[in-house]
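As given, the protein sequences belong to chains A and B, one line each in that order. Using UniProt numbering, read the first sequence as starting at 1 and increasing by one per residue. Using UniProt numbering, read the second sequence as starting at 1 and increasing by one per residue.
Keep in mind that the hints were calculated from the coordinates and are not lab data. Glycine included, C-beta positions come from ideal geometry on N, C-alpha and C. A portion of the hints provided could be inaccurate.
To be verified - Stretch-level coverage of chain A by chain B, calculated; a stretch enters the list once three of its residues show a Cβ under 8 Å from a Cβ in chain B: (1) 21-33; (2) 98-111.
What the hints assert, rightly or not - Anything over 10 Å on all C-beta distances counts as not near chain B; from chain A, calculated: (3) Q46; (4) L47; (5) G48; (6) P50; (7) V73; (8) H92; (9) A95; (10) E137; (11) A142; (12) R146; (13) D147; (14) A150; (15) E151; (16) S154.
Chain residues, written in single-letter form:
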Amino acid sequence: MSVSTFPSEQTAVTSYQLCATDRQLILATQAGLPLTTNPWATLGEQLGIPAEDVLARFQRMQDAGVLRRVAAVPDHYKLGYRFNGMTVWDIHDEAVPEMGQRVGELPFVSHCYRRPRHLPWWAYNLFAMVHGTSRQEVEDKASQIRDLLAETCSGHTILYSSAILKKTGLRLKKQGDAPCSE
Amino acid sequence: MRLDSTDKQLINLYQRDLPVCERPYLEMSRQLGISEGEVIDRLQALQSDQVVSRVGPVFEHRRAGASMLAAVAAPEEQMDLVAARINRAPGVNHNYAREHTYNLWFVMTAPDEDTLDERLDELEHQLRLPMLRLPMVEGYHIDLGFDIDWEALP
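Sequences and hints are given; from them, build the entire structure.
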């Protein structure tokens, strides 16, 4: 189970305008890359684009940060990580950048984000996603985070997921295509 | 599906990054010490058993529009109804039930920021529940997976 809490508008990515061909490639690979010796050529044949163009576009999108990575994305739930705990922490504001960095570097944290508080309803400003094969395992990992945070933390809780009610893929922006070069 | 040590190594090495080059599976096969054909067969098997959800590109969502994590505290007896309304709202792509007063957590997406706000306002109005809006202020570790502890798995 890859639990994506999508990043929002922040953190600028090198400006790169997707063109219609890029978009076609993104859509064509939503379900995955072809499992053939030259997947770019296979994609190119499907879309009528030369193989070397396909590869060059992917490389460019990766350099620009539009494409984060190509990966064999495991289904953690299927692997046996049945417990997904969203651990949330109330950290002194000035300590968040350093602590966020350190918590994000822990080998068992899959996502780590700073989010705003909404007092008095919500005091937690750091989110770290932790996975385990049991509740105990998630709790042990959370206590490692607690130890790391030491006196910078004034409270925390763990929100276990009890059901996935909806999970769908990426949707593309409809407007704003750049003209295609080459 | 029983995973052997090569499958595990394959996931360990490539869950974060697969080479973007002309023959990616050939490149992987050299690392793993197996043939290119076997890499492809193994990826196919891992995918069809859903151990690997997909072998493919992970795009930067911020480039594809706007999105925001939000949560509501639905009264226990109305939870199914509220969840269904959230799922039906245009732009919602994830919705998780979590054990907390804020028991429904979802991600709203839109082509741009203004539409995102409109969609959230509209849904909040429809649900008649105050909505916690939690945009990402900073990401320290963005969906990069984590080290799998194979020994600990059942």
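For each hint, the structure was consulted:
For the region 21-33 of chain A, the assignment as covered by chain B holds, since 6 residues bring a beta-carbon within under 8 Å of that chain's beta-carbons and 3 suffice. Counting residues of the region 98-111 of chain A whose C-beta lies closer than 8 Å to any C-beta of chain B gives 10; at least three are required, and the coverage claim holds. Chain B leaves A:Q46 outside its interface by the beta-carbon criterion, the shortest separation being 14 Å against a cut-off of 10 Å. No Cβ of chain B comes within 10 Å of the Cβ of A:L47; the nearest lies about 15 Å off, and the non-interface call holds.
Its beta-carbon lying about 19 Å from the closest one in chain B, A:G48 satisfies the requirement of being farther than 10 Å from that chain. At roughly 13 Å, the least C-beta separation between A:P50 and chain B is larger than 10 Å, which holds for a residue marked as non-interface. Its closest Cβ contact with chain B, about 5 Å, brings A:V73 to no more than 10 Å, contrary to its assignment away from the interface. Taking the minimum C-beta to C-beta distance to chain B, about 15 Å, the non-interface status of A:H92 holds against the 10 Å cut.
Every C-beta of chain B lies more than 10 Å from that of A:A95, the closest at about 13 Å, which supports listing it as non-interface. Taking the minimum C-beta to C-beta distance to chain B, about 7 Å, the non-interface status of A:E137 is violated against the 10 Å cut. The Cβ of A:A142 sits about 14 Å from the closest Cβ of chain B, beyond the 10 Å cut-off, so the non-interface label holds. At roughly 17 Å, the least C-beta separation between A:R146 and chain B is larger than 10 Å, which holds for a residue marked as non-interface.
Every C-beta of chain B lies more than 10 Å from that of A:D147, the closest at about 18 Å, which supports listing it as non-interface. Once the 10 Å rule is applied to beta carbons, A:A150 is consistent with being away from chain B; the minimum gap is 18 Å. Every C-beta of chain B lies more than 10 Å from that of A:E151, the closest at about 20 Å, which supports listing it as non-interface. Non-interface status of A:S154 relative to chain B is upheld: no Cβ of that chain comes within 10 Å, the nearest being about 18 Å off.
Consistency with the previously given hints fails for numbers 7 and 10, ordered from lowest to highest.
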